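*Asks:* Sequence:
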Amino acid sequence: MAFTSKIVRPLFFIDRQRIIKIKNCQCTNIMPSATLSSFSEAYSLGMSGNKTKLNMYQAITSALDNTMATDPTAVVFGEDVAFGGVFRCSVGLQEKYGKDRVFNTPLCEQGIAGFAIGMAAAGATAVAEIQFADYIFPAFDQIVNEAAKYRYRSGNLFDCGRLTIRTPCGAVGHGALYHSQSPEAYFSHTPGLKIVVASGAINAKGLLSACIEDKDPCLFLEPKVLYRSSIEEVPTDRFVLPLGKAQIVIPGNDLTLIGWGTQIHVLKEVAELAKKQFQVNCEVIDLLTILPWDQETVCNSVKKTGRVIISHEAPLTSGFGAELAATIQEACFLHLEAPVQRVTGFDTPFPHVYEPFYLPTKWRCLQAVQEIIKY
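For the sequence shown, the positions run 1 to 375 when UniProt numbering is used.
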């Protein structure tokens, strides 16, 4: 973690009645959250307006900027967030919205999460940043036992919706043990929490906006290697994509490839190689939302193709791919032409020098394709 040289004391004091009054009186320009039933419908509607070329971190900044411009209770905070963050996702926001709405915190992840929960419970829109997903574990109790259960334990009298925790995740080429992990599976066992993994600039903005506006606490994972490498034409204005909906990135009839985050880009290459080398048309599905995940889209695809490979960076054992495999086996058993396959990271700590051998590369995935079509 980077050293936070200056901690700005927030001037935004928690006053539930004041926040509710602000929301009721001053936020009339906030549009309702997306209720469109399909990802493609929401995507097409959002992409019909003005667009500008952005990379993923700029798209995230744009989503935060849109939120803060329309919601005076929105606050953004975390380690080094005030100067723009180590990945520059909040650059320029403090200058635009002031030190009481964009500020640094101590190097204390459980404190960041606890403060965020309190802000959201009081009625604010809280967007907290954990500098690296590898360091989210000190906040595990706050997220799992407090945020996720807050609505349930109060009998729906209170909630900490409008709480979003952003954090960079995944391999970056030199992160080793403490800057490369993908912890989505740890949190996917938590009812009351929503988990999203971005895979590009467009869906990063649309899904982050959806998380911020959602009535449940959300964990928004950002594959750090995509911050600058994913460049797309992104909607300029407010843009929201539905949570819980997967995207069919490449349609196909012979084999279903499922992934999320950085791995989607690997699977797109695999689909091209499979078509060229084996004449196999792969359907590539970007899960996007880990919790709740889109069982309908996945199962419809598997029933069509009869074969499925699931791929993710996290280790094999108890990775989220195991949950997908179990559900596919239960719901699509009579349609399967071969056992469900998983191509993942290995069951070891994330290595430094051996990172290229640890990751589920396109060649490992292509080998799985060859095996499953010959079954």
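Wrong hints could be hidden among the right ones.
Think about it this way: if two alpha-carbon atoms lie no more than 30 Å apart in a straight line, the pair counts; the simulated DSSO-like pairs of lysine-lysine are [as the list claims (entries may be wrong)]:
no., residue 1, residue 2
1, K215, K304
2, K215, K96
3, K303, K374
4, K268, K53
5, K149, K215
6, K275, K149
7, K276, K304
8, K53, K99
9, K99, K268
10, K149, K96
11, K275, K303
12, K53, K96
13, K215, K268
14, K96, K51
Here are the simulated distance ranges between beta carbons [unchecked claim]:
no., residue 1, residue 2, range
15, K53, H335, 17 to 25 Å
16, P351, K276, 29 to 37 Å
17, T317, G49, 41 to 49 Å
18, E296, L316, 23 to 31 Å
19, F158, Q110, 36 to 44 Å
20, R88, C108, 51 to 59 Å
21, K99, D141, 24 to 32 Å
22, L157, N253, 33 to 41 Å
Hints are computed from structural coordinates only; laboratory data are not their basis.
As the structure is a prediction and not an experimental result, all values here were calculated from the model.
Built from N, CA and C at the ideal position, the CB exists for glycine as well.
*Asks:* If a hint holds in the structure, say so; if it doesn't, say that too.
*Replies:* Each hint tested on the structure:
1. K215 - K304: It is violated: about 34 Å lies between the C-alpha atoms, which goes past 30 Å.
2. K215 - K96: Satisfied, since the Cα-Cα distance of roughly 27 Å is no more than 30 Å.
3. K303 - K374: With Cα atoms ~18 Å apart, K303 and K374 stay inside 30 Å; holds.
4. K268 - K53: Distance ~22 Å between K268 and K53 Cα, so the pair holds.
5. K149 - K215: holds (13 Å)
6. K275 - K149: Not satisfied, since the Cα-Cα distance of roughly 46 Å exceeds 30 Å.
7. K276 - K304: holds (21 Å)
8. K53 - K99: holds (29 Å)
9. K99 - K268: With a Cα-Cα distance of about 42 Å, the restraint between K99 and K268 is violated, given a limit of 30 Å.
10. K149 - K96: At roughly 34 Å apart (the allowed maximum being 30 Å), K96 and K149 break the hint.
11. K275 - K303: holds (20 Å)
12. K53 - K96: holds (22 Å)
13. K215 - K268: Given that 30 Å is the threshold and the Cα spacing comes to 33 Å, the pair is violated.
14. K96 - K51: Distance ~22 Å between K96 and K51 Cα, so the pair holds.
15. K53 - H335: 17 to 25 Å: About 41 Å separates the Cβ atoms of K53 and H335, which means 17 to 25 Å is violated.
16. P351 - K276: 29 to 37 Å: At roughly 31 Å between Cβ atoms, K276 and P351 fall inside 29 to 37 Å, so the hint holds.
17. T317 - G49: 41 to 49 Å: Distance hint for T317, G49 holds at roughly 45 Å.
18. E296 - L316: 23 to 31 Å: holds (26 Å)
19. F158 - Q110: 36 to 44 Å: violated (21 Å)
20. R88 - C108: 51 to 59 Å: violated (23 Å)
21. K99 - D141: 24 to 32 Å: Check passed, 29 Å falls within 24 to 32 Å.
22. L157 - N253: 33 to 41 Å: Distance hint for L157, N253 is violated at roughly 50 Å.
Against the hints set out earlier in the document, violations occur for numbers 1, 6, 9, 10, 13, 15, 19, 20, 22.
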